[in-house]
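Listed in order, the protein sequences are those of chains U and A. According to our numbering, the first sequence is numbered sequentially starting from 1. According to our numbering, the second sequence is numbered sequentially starting from 125.
It should be emphasised that the hints constitute simulated quantities derived from the structure, not laboratory data. Possibly wrong hints are sitting among the right ones.
Claimed, not checked - On the chain A side, residues computed to face chain U include the following (Cβ under 10 Å): (1) 429; (2) 435; (3) 436; (4) 443; (5) 576; (6) 579; (7) 608; (8) 651.
What the hints assert, rightly or not - Computed footprint of chain U on chain A, listed as stretches where at least three residues anywhere in the stretch have a Cβ under 8 Å from a Cβ of chain U: (9) 182-193; (10) 398-411; (11) 530-539; (12) 591-599; (13) 613-620.
Note that CB positions come from ideal geometry on N, CA and C, so glycine has one too.
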Amino acid sequence: MPPEPPKRVRVVLVDAAAPRGGGDHTRAELEEQTGIGEALVKGLVRTQLALALRCAAVVAVGLGSLPLLFAIAPAVAGTRPFGVVLPWLLLGVAAYPFLFGVGWAYVHLVERTERDFTDLVEKH
Amino acid sequence: MVTVATVVIGTYGLRVARTTSDFLVASREVSPAWNAAAISGEYLSAASFLGVAGLVLKQGVDVLWYPVGFAAGYLALLLFVAAPLRRSRAFTLPDFCELRLGSVRLRKLATLFVIMIGWLYLVPQLQGAGLTMQTVAGGRYQVGVLLVGCVVVANVALGGMRSITFVQAFQYWLKLTALAVPIIFLVLHWQADGRPPLAPPSGATFAHSTTVVFDHAATLVRPDGSTVDVPAHASMDFPAGTPIPQVRGVESSSGANWLLPGSTETGGGRDRGLFAAYSLILATFLGTMGLPHVLVRFYTNRDGAAARRTTLVVLGLVGLFYLLPTLYGVLGRVYTPQLLMTGDTDAVVLVLPGAALSGLTGQLLGALVAAGAFAAFLSTSSGLLTSVAGVLSTDLLGRGSVRDFRVSAVLAGLVPLVLALRAGGLDVSQVVGLAFAVAASSFCPLLVLGIWWRGLTAMGAAAGVTLGGGISLAAVITTVVGPPLTGWPAVLIGQPAAWTVPLAFLVMVSVSLATRRRVPVNVGLTMLRLHAPDPLRL
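Please build the complete structure, drawing on both the sequences and the hints.
Below is the structure:
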């Protein structure tokens, strides 16, 4: 990227109608699909996809391993923490907070990635 | 008493559904919390409300994957689809095909599958309606299906487009209350009874003296192995404490089979059971994103970030709801074991309050549950029928005029009505599971690859949807009308997702690679639009 001196920008609200000081350059690269712009988008897509796949892997391991676990270790399936048989406790109750937790973490992380990308575009 | 309540609730439901305004008018400015409640209200169907508890009652721990999968589907939607789909500005799946791949032919193909999946999903809703009428008002199953089917069709065709967000959101809280309040009473009652065991190793017994009415001739197998033949329409009295006989031909698990995973649901064989479990997980995890009435709702979010937040709240709301049906299924083991004999296990949610609690409390709670059931199939089937009639009228039959829409609504309603009349013997949740399998094998790869992979071509997408969706659809039809199968074919066809979903992905990728030259020229711009953070407004 050509070394342009960063301009001081006062951002009140992010609004399409608001005049923009900085960011025009990278923005143009993105919109015109130049080599740099395309590389930026590819990088963003790759980051987002990697994040989504990591979260999916957490669920795949956390929940997806259960049928196999119960099949190869029936003794585990027969234990009764809190007086409830383990598979009932895991699938009937614990699965839902777990799924929500993964979803919450994903939203948190993906919003951070997007903020970083926005900053990158707005500042250069 | 219950009948009166039902009629009152029915007319109320009609009135609510009639105070509709055009869905499109609801614009995009709906807050994530309201939007999420509305999506959940439309999503929690008869299968969730009645079917899950029925399956738990019958088959035990193995079917807990159904509700877990129904909820987890929203996580898959959140991770891979929600924000980019909203940013694509596609209203329906066919819209997405045209926007992303610029192919009108693919659009038509997607339309066809939207209609198929919508129909498949409507059948269990109508089944639930028939069952509720049968259980609550004492009418015939067919009459219930016809009545509710006609009401929904007339409502959608004449009444306008769709319930407004507020009504849908209200439906969610109604459904949650309708299950949550009675279960508190039921659990307290179970405590007061001295916590009768849920799965006694010696086999279940009747908790109260019970009269069982048999609609069809049946053969009972007593625990000691002796058999009794019962003629149709006969009734038998069982005093409290009698062991519950098995009915020949009615599948159900008991004792340890019910309590522990890896039951004989698929006719024996641990490998097959495991395959069925994973297939079901795959279908429900990946099928949600392909359901037509769910995707339409995402358009009402302000932007991609709001779509994500909405999906997260839906995941929370739906998860909260699914804590309840399991409890109904479990307590049904104690208080309504006769359903295992008559095969009407899907009715357990409706019957349980009246069976366990005596007097007015039981009747009132029974009416509340019935209200929830009506809300469940009215909201879901109206939403589905609107989606199906919408694509039918804009893409296949006409140009989307009001008259086209009405004709489409009638046509779109007739097919599932006929199917539901014939499919009375199938479990509600199982039919829904099949609809998920078709959605997961057709639209899931299309959406995921379309959003994340530049190399997708219209040819590849069409090949994958046709093959994956077509084969899973054929499997569903075989399951519903074909001859009964045993062994591996039964598992591979009864739970097809584990092989049809990878197949669809594989075909889509390889055909796309073979037609590499036909990748849309503007794919870079489309990708930018799908993935650029909302504040940039690119």
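Do the hints match the structure? See the list:
no.	hint	result
1	429	holds (7 Å)
2	435	holds (7 Å)
3	436	holds (5 Å)
4	443	holds (3 Å)
5	576	holds (5 Å)
6	579	violated (12 Å)
7	608	violated (25 Å)
8	651	holds (6 Å)
9	182-193	holds (count 4)
10	398-411	holds (count 4)
11	530-539	violated (count 0)
12	591-599	violated (count 0)
13	613-620	violated (count 0)
Hint compliance for this structure: hints 6, 7, 11, 12, 13 are broken, all remaining hints hold.
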